[in-house]
Structure formats: C-alpha cells, structure tokens
Amino acid sequence: MLNKEFSFTLMGVLTTLYKFFKPRILGIVLALLFLSVILVSVVFTSWPAVDQLPQNLDDPSNIEGIGLLIFTDLVVPFEILSIVLLSSLMGAIYMAKGDGDE
Amino acid sequence: MIPIELYIGLSAIIFSIGLYGLMTQRNGIRILMSVELMLNAANINLVAFSSYNADLTGQVFALYSIALAACEAAIGFAILMAIFKMKGTINLDSINILRW
Amino acid sequence: MAENLMLFAPELTLVLTGLFVLMVGLFLPTGAKKVLGYLASIGILVALSLTVSSLGTEGMAFNDTLSVDALSQFFKIVFLVVALIVSIASIKYTEGNSHTEEFYALSIFATIGMMFVASANDIMVLFVAFELASLATYALAGFEKKNQKSLEAALKYFIIGSLSAAMLLFGISFIYGLTGTTSIPGIAANITALSTSPMGIVAVVLMLAGFGFKIALVPFHMWAPDTYQGAPSVVSALLAAGSKKMGIVAAFKIFIVALIALQAEWQIAFAILAVVTMTYGNVVALKQTSVKRMLAYSSLAQAGYISMAFVVLTPLALGGGILYALSHGFMKAGAFIVTAAVAYMVLSDNKDSEDTDHIDNFKGLGVRMPITALSMTIFVFALAGIPLTAGYMSKFVLFSSTIQSGFAWLAVIAILNSAISLYYYAKIVKYMYFLPTDLEKVSEPLPYVAALLIAVAGVFAIGFWPEPFIHWAMEAAMVLIPGGM
Amino acid sequence: MLPILSLIVLIPLVFAALTLLTKTKEQARLMALVATVSVLILTLYMYLNFDSTTAAHQFEELYQWVPSLGITYHVGVDGIAMPLILLNAIVLPFLVLFTWNDERKSPNKFYALILGTEAAVIGVFTALDFFLFYVFWELTLIPLFFMVSIWGGPNKHHASIKFFIYTHVASLVMLLGIFGLYFAAWDMTGTPTLDIPTLLAQFQLIESALLKDMIFLALLFGFIVKIPSFPFHSWQPDAYTEAPTAGSVLFVMLKIGGYGLFKIMLPMLPFTGSPNMMITIMAVLGSVSIIYGAFLALSQKDLKRMVAYSSVSHMGYVLLGAAGLVSLSVSGAMFQQFSHGLIMSVMFMSCGIINNKTGTRIMNDLGGLAQKMPKLAVIMVLTFMASLGLPGLSGFIAEVSVLAGSFGNLPAYVIIALVAIVITGAYHLWALQRTMFGVFDKKLGTITDINRYQTLSMGVIAILILYFGLNPSAVLDMMLTNSEQIASMMAVMGV
Amino acid sequence: MAVENYAFLIPLLPALAFVLTFFFGKKLPNGGAIIPIAAIATSFVISLLITLNLLANPEEVVSQSFSWFAMLNIGILVDPLAAVMLTMVTFVSLLIHIYSLGYMSHDKAQSRYFAETALFTASMLGLILSDNILQLFICWELVGVCSFLLIGFWFQKPSAATAAKKAFLTTRIGDVMFLSGIVLLFTDLFKIYNGAIPDGVYILRFDVIFSHIPEIAAMNATIFGMEVSHITIITLLFFGGAVGKSGQFPLHVWLPDAMEGPTTVSALIHAATMVTAGVYLVARTFPMFIAAPSSLLVVAYLGAFTAIFAATMGIVMNDIKRVLAYSTISQLGYMMLGLGIGATIGAEAVGISLFHLINHAFFKALLFLCAGSVIHAVGTQDMRQMGGVAKVMPITAATMIIAALALGGFGIPGTIIGTSGFFSKDAIIESAYVFGASSGMWIPYVLSIVAALLTSLYIFRLIFMTFFGKARTDYGGHESPATMTIPLSILALFALFFGGLATERFNTFVSDTFMNDFVHVNIAELAEIGGYHLGHHGHEPLIILWLPLIVAAAGLLIAALVYGMKVVNMDRLVSRNNPIYKLLYNRYYQNELFTNFFSVKVVYEGLSYAGRAIDTGFDWLVGWLSDLVLETGESLRQFQTGAVQNYATAVITGVSLLIILIKVVMEVL
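Taken in sequence, the protein lines are chains A, B, C, D and E. If you're matching positions, the first sequence starts at -6 in our numbering and goes up one per residue. If you're matching positions, the second sequence starts at 631 in our numbering and goes up one per residue. If you're matching positions, the third sequence starts at 7 in our numbering and goes up one per residue. If you're matching positions, the fourth sequence starts at 1055 in our numbering and goes up one per residue. If you're matching positions, the fifth sequence starts at 820 in our numbering and goes up one per residue.
Calculated directly from the structure, the hints in this document are not laboratory data. Any given hint might turn out to be false.
[Said to hold, decoys possible] No farther apart than 25 Å at their CA atoms in a straight line, the calculated lysine-lysine pairs in the PhoX-like style are these: (1) D:K1429 to C:K369; (2) D:K1429 to E:K1420; (3) D:K1355 to D:K1426; (4) E:K1385 to E:K1210; (5) D:K1411 to E:K976; (6) D:K1077 to C:K436; (7) D:K1355 to E:K976; (8) D:K1426 to E:K845; (9) D:K1429 to E:K1210; (10) E:K1210 to D:K1426; (11) D:K1079 to C:K436; (12) D:K1496 to D:K1355; (13) C:K369 to D:K1159; (14) D:K1355 to E:K846; (15) E:K845 to D:K1429; (16) B:K715 to C:K357.
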C-alpha cells in the first residue's frame, strides 16, 4: 500500500494517468471538441460592440433599469416565472416529501 | 478594456466543463452541479452581451435564468431524493432498468 | 391592457383553474378528490371553447412580447385538446390518489407553458414558458414515486432536459449577443451580424438541440423512449402529444420567423435529422416488446415526418406539418391513453404486475376491452397512415408537398418509412385480435372510454372532413411565411 | 336520379356495420345476403341501363370534398369499371350462399369483412378522384388482412403480414406517383385537382419527360404488385393459400390492379417520355408471369397453391393484353380479368370444399373424389377446363383476344404465352387427375357430396362461365368501346 | 321446305341431347340413350337431305353468319366438303350409339357415357359446320375435351385417367400450334385491313381468309435467316394442329393409349370424329395450302412417313385394339399424303383424301365395333389368348373380314368391283405416283406402297390370330345381341359397296367445294402464287394400277402362311433378342423419350422446379430484406444503454458533429 502511493516511477505515473483518464477520455475529447468548435466560431466572428463598452460606465448600477424592464417590457416572462416557481415548488415538494399518508 | 471574446471564451470553457461533468460523473449531485455550471456559463454570456450591447434585456434574462436554474435544481434534488429513498443510492449507474 | 388580457382569456382561465384545483384539493379528503378531475376538465374545456370562439382574432400584447395569431391559436387548440384528453383520462388514473390536486395543477401549468410558447413573440418569453412546461412535467413523469421506472424516467428526462435547456440558453445568448435583442421580429430584423458569422451555425445547432430535445429528434431523443415508457401513461400522452408539439411550434417561431436568414443552415440540419430520426424511430420500434416504448419510437418517427416541413418550407408543407401536429396529438394521446387503460386492466388482474406495458398484455384485448381495442386499432392505423384517418390526411398533405417542392428523395424515404412502420403497428393489432387469451372481459372505465372517444372523433374528423382543418393549418402556416415563399 | 353508385358502396358498408352487431350466424349471414343481393339488383339495374356505345363515364356523381386540395367526391363508371362491378356484384351473393352452412368462429365479423371488402373494391371501381381511389384502394387491404389473419390456415400470420406489407409498399409507391401527377398538374394550371379524368388529360401537358416516366412507373408499380405480376407476386400464393375459401375468393375479386392499368396507365402511356420502353416492361412482365406462373403451378403439390400460381399465370395475360395496345387485346385483357374472377372463385371454392371434406389439399394424398362427389367433379372439371382456356368458356375468349390482338405488336411475347398454354393444360389436367380421378383412397374417410347451397352457388357461377364464353358481347361490347378509345389515342400518338 | 334452314340443328340437337341426357339420363331406361340416338338420327336425316340437295345443285351451299364479338362471327357453312363429312359423322355416330346400347348396357355410368358421346358428336359436327376458323378451333378443342372425358370414362382406373390426360395434352400441343396459326392469320388480316374492319366483314371467316391469300402470301418473315412467307408459316402451324389431332408423327403417341376408354369410344374417335378433324382442317384450308407448296410437301412427306411408321408397329402389337389404333395412324398418314400431293393434282387431292376418310370411317368403325364385340364376348384384348373366335361369332367374324379386306384395299382395278378401301387408297397411291412422276420425288410413293404391304400384313395377322385356328385359352363366348350386330352389318355393307358406288361422283363433288358462291377460289391461280403450276394427269402404267393390289395380296399371303397355317415359325423372330422386334415392340421407345424423359424430366422436374427455385429465391430475398431491417432495429436498440450519461454524450456529440457537418455541407454546396 505504502509502496504504491509513493512510487513515482514513470511507469507508475503513466499507470495512474491511464487509470484516471480511461473512463474519462471520451468525455474529455468530446468536451474539448465542443469547446474548440465554439472557440473557433468565436474567433472568426466579428463582434460588433467592443468599442461601446464604456457607455455603461457612467451608470454602473443597472438595478433601476432592470427593475423597470421587469415590470414593463418583460413582465410576461416574470409572470410566467411565478407559475414556474409555483409548479417547481409543488413538484419538488411532492417528489421529496415522504409519504405521510401511508 | 477586455475584449468580449474573452468573456465568451470563459463561458465556453465553463460550459464545456459542465458538459464534461455531465458525461463522466456518476453521482447525481455532481450531475446537477454540472448543469448549474452550464446554465451559469450562459448567464455570463448574457450579462457580457448585455453590457457590450448596452441593452439591459440580457441582464434581466440572466436574472430569470438564475431563477429557473434554482427551480431546476429544486426539482432535480427532489427527484434524486425520491430515488435515494427507494434505492439508497444516487449513483446513476444503478439506474438503468429502462433501456433498449 | 384589458384587451391584452382578453386575448389571453384561455391562458388566464387555465391559470385560475390550476390554482383553484390546487386550493380545493387541499381541503378535500382523498376519496372526494375525484371531483378535481372534473373541475380541471371543465376548466380546460372552457379554455378550449374560449380559444375556438376567438379564432380569427389577431393581436400583439404586452409590448409585443406575446402575439395571438392563427399559428398560436392553432397550437393552443392542439395543447388544449391534448390536455383535455389527458385530464379526462386521468380522472380514472388518479382515482384514490391523495395527490390528485398536484397532478392536475402540474399538468395544467405545463399546458399553460406550452400555450405561452405558442404565443410567444419574444425569445425570453419563449424560454421561460418552455421551462415551465419542462419543469412541470419533470415532476409529472415521476408522479408514481413508488415506481422505480417512473422515477428513472423522471430523472433521465430531467437530466437531459436540463442539459438541453442549458444549450438552448447558451444558443439564445449568442443570438442575443449578435442581434442585440430578444424580440423575435427584432432578431429577424437585426440578423446580419449573426448570419454572416460562423456563430450563426453554432446558435442554430444549439437551439436545435434545445428544441430537438422536446421534439425528440435523433440524437437528442434518447430520453424519450425511457421516459415515455417509465412515466405514467397519461403523462406520456401529455409529453408525446403535447410537449412535443411545443418544441415544434417553438422551432417554427425561432427558425422560420427569427432565423430565416440562416435558412440554408438549418434546412440542412433538419434534412439530416428528419431522415435519421424517422428511419431510426421506425427501425428500432420494430423489435420493441413494450408498447409504450414502441409508441415512443413511433413518436420519434412522426417527429421526423413533421421535421420535413422545415426542409420543404412551402406554405403547403408547413400547413401539412401543422396539421400533422394536430393529428399526431389525437393519435398519440389516444394511443397512450389505451396503454393507460391496459395498465389499469393488468393491475386489476394482478396488483403487483411489473410490465404493465408489455405487448403480451395486449393479447386478446379485442375480447377483453373491445372499445379500447377498437380505438387502438384506429389509432395505430391512423399512425400508419391508412386512409380516412387523420394520419393519412396529414401525411397526404405533408408528403405530397414534399414532392411538389422537388424533394422527391425525402418523400420516398418518408414513404418507405411509413411502410416499415406498418409492421409494428400491425403487430399490436395482431396481438389484440388474433392472439388468444384465457382472461375475462374487463369493464372499461368511463373516463378512459370518454378520452378515447374524443381522440377517435378527432382522428376521424380530420380524416373524413379535413377541409376546415387544412384551412386553419394553412392560415397558421401563412403566419410563418406571410409572402408564401 | 338515384345515386346508384354511392348506394352500391354504402349499402355493403352500412350492412357491414350492422352485421358486426348481430349475435348469431343466422342473422349475420342473412344480413350479408340481403346486402349483397341488393347490390346485385342495383348493379343489374345499372348494367341494363348502361350505354355501351359510349366510352364516357355514366351514372356520375360529383360533390366537393376538400376544395383547398382539389379533392372531390366524384364517382362514375365506364366500360372498364362496369364489368368488374358486375363481377363483384354477381359473385358476392353466391359467396355468401356458399358459406351458408359453414361453422366458424365469430361469423358476424366474417360476414362484415366480406361486405367491407365488397364496398371497398366496388369503391375503387367507381372512384373518379385519385383521393377517393386511393382511400378505397387502401381500404381493400384491411378486411382482407383480417380475413387471412383470423380464419386463415396454419401459416396465416406470416401470409397476412406479408400480403399487407407487400401491397402496402406498392400502394405507397403508387401514392408517390399520384402526388407527382397531382403537383405537376397543379403547377401547370394553378388549381389543385385530384380528379382522375382531368389529371389524365393534363398528364400529356407535363413538359419533363423524366417526370412523366417517373410518375408512370410509380403508378405502374403499384398496379402490378396488386395484379400481381412477376417478380412482385410472392405475396400472392401465400395469401391466396392461407386465406379461408371466402378470403381467397375475395382476393380473386380484387381486380383493382388490372383496373388501374386500363383506367389510368393506358391513357397515360402514349404521352410518357419513352412509351416503347413502358410497353416492353409491361409485355415482358406479362409474358414472363404467364410462363413462370405456369411452371410454378406445375411444380406445386398443394392444390390451392397450384390454383394460386395459376392465377399469377392468368393475370399475366392482363398485362400482356394491355401492352398489346390494340382494341381487341386490351378488351381481351379486360375480359380476362372478368372471366378470371368467375373461374377462380369457383376453383377456390372447390379447393375449399376438398380441404374441408378430406382435411388435406396435397394432391398426392387425394384421388378418386369424383366417385364420392360427382357434382363437385362436374363443376370442377368445367372450371378447370375454363381455366386452361377451353373454347366455349369465358377464359378462352379472353386468351384468344389477348393473343390475337397482341401478336401484331408483340410477337415474341405472344409466342412465350403460347408455349405456356401447353403447360397450363398440363397442370390443370394433372391436378384433376390426382384429385378427382383414379382410385379413391379409403383413408380419406366417408365423404359426402357438396350441399345444395354450395351446388347452387358454384353451379350458377359455372353456368355464367359458360354463358360469358358463348356470349362474351354481354360485357365485351362495353370493354371494346373503351379500349377502342384507348387504341385510337395510341394511334394518334403513333405508339 | 328448305332443309338448309335447319342445318344449324345438326350440331345443336346432339348438344341438346347432351344436356338432357347428362341431367336426366339417370332416370331413363338405358341411361337415356334414346335421346342422343334420336337427336343424332335427326341430324343424320338433315345432313343427308342437304347432301342430296347439294349433289343435285352444287351451288346451293348453306351459309349463315351471326356477329359474335369484336370482328368475329358464329356461323355455319355446308358446302360439299362439309356435307359429306356431316353425313358420314352422323351416320357412323348413330350406328355406334345404337351399338353402344348393347355394349354399354352393364355400365353403371351409362347416362354419362351417352351424354358425353352426344357432346362428342355435337362438337365434331360443329367443327365441320364452322364457317370461320375460330369457331372451328373452338369445336376442335371441345372435341379434345370430349375425348379426354371419354378416354377417361373409367376414371377410377389410374391408367385411364393417365391416358386421358396424355391424349388431351398431346393434342393440345398441336392445338397451340393451330391457335398460333390463327393468331398469326388474324394479325395479318388485321394488318391488311389496317385495323379498320368494315361492318359485316368477319375477318376469320373462310371466304374472307381465302380472298386475302395473295396478300398474306406476300408477307414475309425471317426465321433463322430464311425468308418464309406468312402463308407457309400459317399453314404449317395449322398442319401442326392437324398432326396433333390426327395422330401424325410425332404427336401420335396419345392414340394407342386412348384405348383405355370403352371400345365404342375408340370407334368414335378413330372412325368418325376426333382424328378425322385434322384431315378435315387441312382439307378445309386447302386453298391456303395450295399457295404454300413447301407446307404441302411437309404434309405429304410426314403423311407417308406416318403411314409406314405406324404400320411397322401395328405388326407386332398383341392387343387387338392397339393394332387397330396403329392402323388408324397409318391410314391417317395416307389421307395426309393424299392432301399433300395436292401440289400436283390440285383440288382433286381433297376429293381423294376425303374419299379415303369416308371409307376409312366405315371400315374402321366396323373393325373397332367388331373388336369390341369380340372383346365383349371373350373378355380379353390380348390376341394371343384368342383364336377360333369365328366359330362362336360368325356375324362378327364375317363383318370383320370384310372390314379387313376394305382396309387392305382389295378390288379389281379398272372396274367398280372392290372394297371401299380399295378405291380410295389406290387413288392416293396412284396420285403419289403422279406426284413422283411430275416432281421427281419418289419417296412418298415408295413409302405408301410398302405401307400397303404392311397394312395387309398386320390386319390379316389380326384376323388369323383372332378368328381362326384353335382357341388358345378357355373363353366362353357367344354372339353379340342384335343391337350390336345390326350396326355391324350395316357398316359392312358400306365397307363393301360404298367405294364402288361413289367413286365416280365423289371426287368431283368434293373438289367443287372451293368453287361456289360462298368460297370462290381459283386453285390454279393460288398455285401460281405458290410459284408453281399444277401438274396434269397422265396415264399411269398398268403396273401402277395393279401394284397396290399385288402388295396387299402379298401381305395377306404372308399373314396366312405365318399366322394361319403356321408354316413359318415365328419364335425366333418374335423374341426380345431381336433388336428390330424389340424396337418395334417398344414402339421406338417413344414413351420413354417423350413422356418419361421430356415431359417428366425436362419439363416437370427440370423447368418447373427451376421456376420453383427462383421463386424461393425471391421469397428469400424479400425475407432477407425484412430480416435485415428487423436485425438493424435490434442492433440499433443497443445504443439505448439506459445510462443517462451516455444520453448526454449523444446529445453533445450530436451538437458538435452537427455544427461541423453543416459547416462542411455549406462549404461543399
């Protein structure tokens, strides 16, 4: 046991690495594939608004704007969200709660 | 000034980490965490774009999506709890009676 | 504001019904909770009649985040009809269950989510409503929390659902980033930045993954067979017949209205997915022994057919796809209700039965439950596309439009597929009528029969008198492509 | 004016539903008899009022159905359809009579399916709208499928599924062809229509020769699988053999493939991109079917299977005659359908009786039945003779018209068919010898002759075989009128 | 009263008799035999009256046509050719029916017998009366079916059923050729009219056909590189039909087997009906043959060959009926030969041939009926078990010897003294000589002379073996009843005297067939189309007139020496070790060749099983395809592992790949 934990031979390292990666290798490859696809796309895209970032600097707090938006333009999603909350609450409670009636 | 590509890159990396977690993890909780990671990667995007587009909609969206993520987590945990109660484990490997 | 609200009277009725059912349910003893089903059904019926009576009205509401037009009306009717069928059938299913109010509230909320998706004119509304429909059904799928299969179904549904929600959101974030708006017409107007960059494809595919999850397109389908099989049959009916259509209407709105500039990209995607999905669904369905699983794969195949509308993209094709959505609603809801009835029958034979959905249970159904068996025959024949049923009519419009636009190869594949599909549909009929059983005749529960009759009526209505339905579907299609491309 | 065509489709349908509700065999068979006899009466009325000097449609009815897609309820009959309707109307009452005393499970379903088939088949013959046509076309499948699967022989499931899928695939391909035609016409005229005469007229206006060929071939495929012709016949022996007697007879009544050939294919033929290729395809398939079916029939041990293969052979004449493109050959092919229907129904009835009484259809196990069943022997010899093309009986008229008519255009194929005549004679006689003649095998037990219902039904059809053999003009005149029209169209196009 | 108007009754009455006897015969005495007898008697009377009328007024042919279907008709035509045939057939058939009263009196299925013979007669009469080739073919086939039914009359005997089938199938090969000829003829005529046939023109009627012979002859087809006129093809195909029906080589194999039926049926087949149909067909379409000289040559050669070929086999048969059967084949060969030499003597050939046909009908019917009488009495058909029957059955013996003399062709040339066979057969042989003289082809003549020798030999072998000498087995026999002997006697009278009485008128009467209001053809002109000129009768040397009689007498002498007085021991010759005897006895191994090898091995086991294999192949292919789909379904199922991470992996892979794929496709497009 001791022997195994402290062996830093190349073979040992490789074996450990192999054991670590073997079940994960597909996940890693696919995640990297996805990442690279996204990143390539990102790089080859000309993003339009880079210069305009400072515009928002004069009003660092957006809370008011956000609040306004929530209750004016975007009130519908907000309302729907309330139903979402209600139903997920209901669902979560139903699923999680033990069966009292049994 | 930070170019927006970096924000997007960050979110993409976080998203990919979430994907990786989803593909490799066997524990239900970790899976949930991975999902949260992905949702939040999207939120980073939204906020960054909101800022770069000088449009607050994105930030509102991010807020909503955080709420949704919470709901999702709640349901997810509840389902996992139910499973745990029945099987005593939340190891996803043991949950495959439905197949083929 | 008042007119705004009037436009959404059906949704509001449903919300009130859901809340009312939930409240009433809390005060009722388990034995009396049967009344909740009737309440919910009446509420849905009211909402349905409100929708039908307001057919033809159009309008935008709430700062143009919601729109009422022929398309949304049509799909609202689809969702409400499915909800009605499911809720009537569930009267029997939830009998004696102490959590009836949760069941009904959740299914009504899920329906509301679907309806909002149908009328969403803003991607944010669409996403939130989409999530509402998802979250409510996660719990519904696991409604039988003593049943390992049901829980597993819920878990798989949930995990893949979350994944695709994340992908959808990720995709939306890119669209938002490059167009600077979340309004659907706004996106269409500001599409240039997106359509000229490689991000366009990424966004399209991410959205496709999000919707494809709901529509159950290969390879985003893998939860569907498990969930449809494991979930309670009535819930499967809601998922297959209702929430699948929500994915379709969302895809219609996003791709055809908002991302029309990226048409070439997503047409390729849909062409690939449609072919793969219908073939995979049909071929895998051949050897299934669980009827619900078979229906799930069949539902995959049908999703593949409907996806052809995206490839062809003519008014007639879209009309066909939309009509198909309605027909499929009737057929698939009906078929899953039949499995519910069979499960009820099996459980009344033997309380501890495990595989209530195994095809062996269908042996001699023609004798044991004649109405159910006859309805099932009608549904599977309709699914297979036998004439004078809704399935045939929709296939007729959809496939023929495919040929009209020169996609003969696609139509050939689709038609070959529908020939293959006949094998497993006929297998069910064979089991029901030709294989003997020594078990007794079972009295068929009224709610199931009522639900089945509604579905049968729908199947035959579209099959025999398709003119008004085609008319509505075409009007709905015209909303998507006003010029008529 | 009575909507007579709608009635002859509706009556069996309504009675089929009513029959399903009956409880006893007596009620069910009475229902079926009433329905089939009333169809017969209406059809005879129609036949007597039929003007065989015109090729136009008669007794037409036209209502809008789905205007936005150009679907109408349009029915009517011409000289191609009328004889086939007559055939169905004649045989079905006798089929009911034939089964009068049979014992079987769920007779109500049985008779309902018979009526359902009748309605669907007659529906195909009356439909003048492709939508309606296809609807009835597919509807013919369902009752027959059930017929085979419920009351069929030991191999019924395999046979019924094979039949169903085989012919369904064909129908779907045909549907593709219909779609192609529909939209090509729609694109040209701007208005959708599925009206058969209109579409047939518009077919020639399509510009792309390739498209026309594709449409033609797709439709042709649908029809020849139903006929059935080599090499798409393999569903047929199984289905015919495994079906109960009534089912086999119903299969024989299913002349919709050949009907489509005359009604839809031939008017289109001269306008296809390469008519000569199409003619060759039809002629090759026809003549190969004739000789191939004959050889296969010769090699069969099972009487019913032999009859089934003989049917493949006989239906080859239909294709060959259609490809002959002369009014005589085309009308001969039509007459072949008619006469084949009569002959085969009696042949299958005979097979059914033999199977019932002796418990086997293997010819080597039979023998000398003529001593025990003289009445059956007489009828069977007559029909076998008719089937092998004996002059004076209806089969001969058809064969000789086809052969004489087609020879001018297709000499090589006709020679093949002529060779097959000898083989045809061989297997028929051989079958007769091994079943009816020779020494009676005591193992077969006590065997009684056919009962009077069977005698009546088979006898009447047998007499009709003789009648139409002596007086073919009774139906051939109307066929000739239509086939002359077809032939003149060919002549105009120089095909 | 114009009896012509009732000509249609001639076939109709027996047909009606068939229906009545078939359905009601069982309830009547003698199986209702009286119905067909009365019907045929009436037909006979009508035929006779018409014939007499025609004899007086050769122009008054009876011709009635009705439209049948398409451009075809049904009609009757009684010209001299038909009239003599009708009279002969009704007469012989009537006698055979009367004879059958006694012969069949013990059979349970009597009524079926009389019904079928009535139908048989009716079909033959219909065949003769036809005024168009298609109707002729129809009756032709009906004759075949009746023969099938009658040969298989005792169908419970497997051998009878087999023989019936063989008869039908073999003749059917000929029928198909005949039908092919009709089809080709129809097509040609259709082409000549260019598809537009005027109303009232029935294109398969003989007058129409004959009037278009020049056009048809002008059409050519290339077969194996040879230019062949359509008229030649058509006539050869017609002759093919005649070969089948009239038992010419190589389609004669059914005739000997046809003995499985009752002897009366054999008499009917061999004398009056069936087999003469082939000769009648060639005679009827003779104008076409005239225009096709090569076909006539084929007819002549095949006829002559058949005459000798069958005669050789007749010598060695031991079954009394088989000897007669081969005799029939041989005599039919003579008739064909007579027709075939029409290229030299023109329409007269029809007269000669028909004359022999009529005479043959009388004496062959007589021979069969006598044989039947003997079999009836003796109870066996094997001549080796007979002998000395003359003592028991004097009338039968006497009549049979008369018939044998007629068959052998005994008579004095240059006078009208002689048996009927003498006049007709010698005429054929003499014509063959003329033919040889004018064309230089002597083979038919030589063959016919040798055949005459053999004929005499085998028939007197039969006579001696049967009627003379000592009884070889112990049979108890007695003379037949009057119903049987009276027909025998009548026939014997005809066999003796008819030839002499009719020989003057007959030829010209029948040869006029093609020169009347209905059919009017100029034989000589047609011959010109065929590219040759008709020869003229020269005067034959005297030896030619006497030679047939000499060889016949020689045959008689040999038979008397060998079988009557037994001066030559035949044991060494008649043994299985003698290869020639063996070959003859086994009938040239035709049964093995045609039936066992060709029909069974090649067609049945070879071709039909090959077809079956192909069919199984198709089935297998379809099955394989469907199994493939099912198996694919089964293996694709495995993707659905049940582990949710895999599902997620699929989604992610799908997304990534789809992005790349779309990019690639976009680039490509």
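Now the hints, each set against the structure:
Of the supplied pair hints, the one linking D:K1429 and C:K369 is violated, its CA atoms being roughly 43 Å apart against a limit of 25 Å. Straight-line distance between C-alpha atoms of D:K1429 and E:K1420 comes to about 35 Å, which puts the hinted pair past the 25 Å bound. Only pairs whose Cα atoms come within 25 Å are accepted, and D:K1355 paired with D:K1426 is accepted, the gap being roughly 22 Å. Between the alpha carbons of E:K1385 and E:K1210 the distance comes to roughly 19 Å, so the proposed pair stays at or under 25 Å and holds.
Proposed proximity of D:K1411 and E:K976 is supported: the alpha carbons are some 22 Å apart, at most 25 Å. Note on D:K1077 and C:K436: the hinted pairing holds, with a Cα-Cα distance of about 23 Å set against a maximum of 25 Å. In summary, the hint linking D:K1355 to E:K976 is supported, as the alpha carbons are separated by about 21 Å, within the 25 Å threshold. Proximity of D:K1426 to E:K845 is assessed by CA-CA distance (about 17 Å); at most 25 Å being required, the pair is judged to hold.
Proximity of D:K1429 to E:K1210 is assessed by CA-CA distance (about 46 Å); at most 25 Å being required, the pair is judged violated. Under the criterion of a C-alpha separation no larger than 25 Å, the hint pairing E:K1210 with D:K1426 is inconsistent with the structure, at around 44 Å. Under the criterion of a C-alpha separation no larger than 25 Å, the hint pairing D:K1079 with C:K436 is consistent with the structure, at around 24 Å. Our distance criterion of 25 Å between C-alpha atoms is met by D:K1496 and D:K1355, whose separation comes to about 20 Å.
At roughly 17 Å between alpha-carbon atoms, C:K369 and D:K1159 fall within 25 Å of each other, so this suggested pair holds. For the hint pairing D:K1355 with E:K846, the CA-to-CA distance comes to about 39 Å; that exceeds 25 Å, so the pair is violated. Restraint check for E:K845 and D:K1429: the C-alpha separation of about 14 Å stays at or below 25 Å, so the hint holds. Restraint check for B:K715 and C:K357: satisfied, since their Cα atoms lie roughly 22 Å apart, inside the 25 Å limit.
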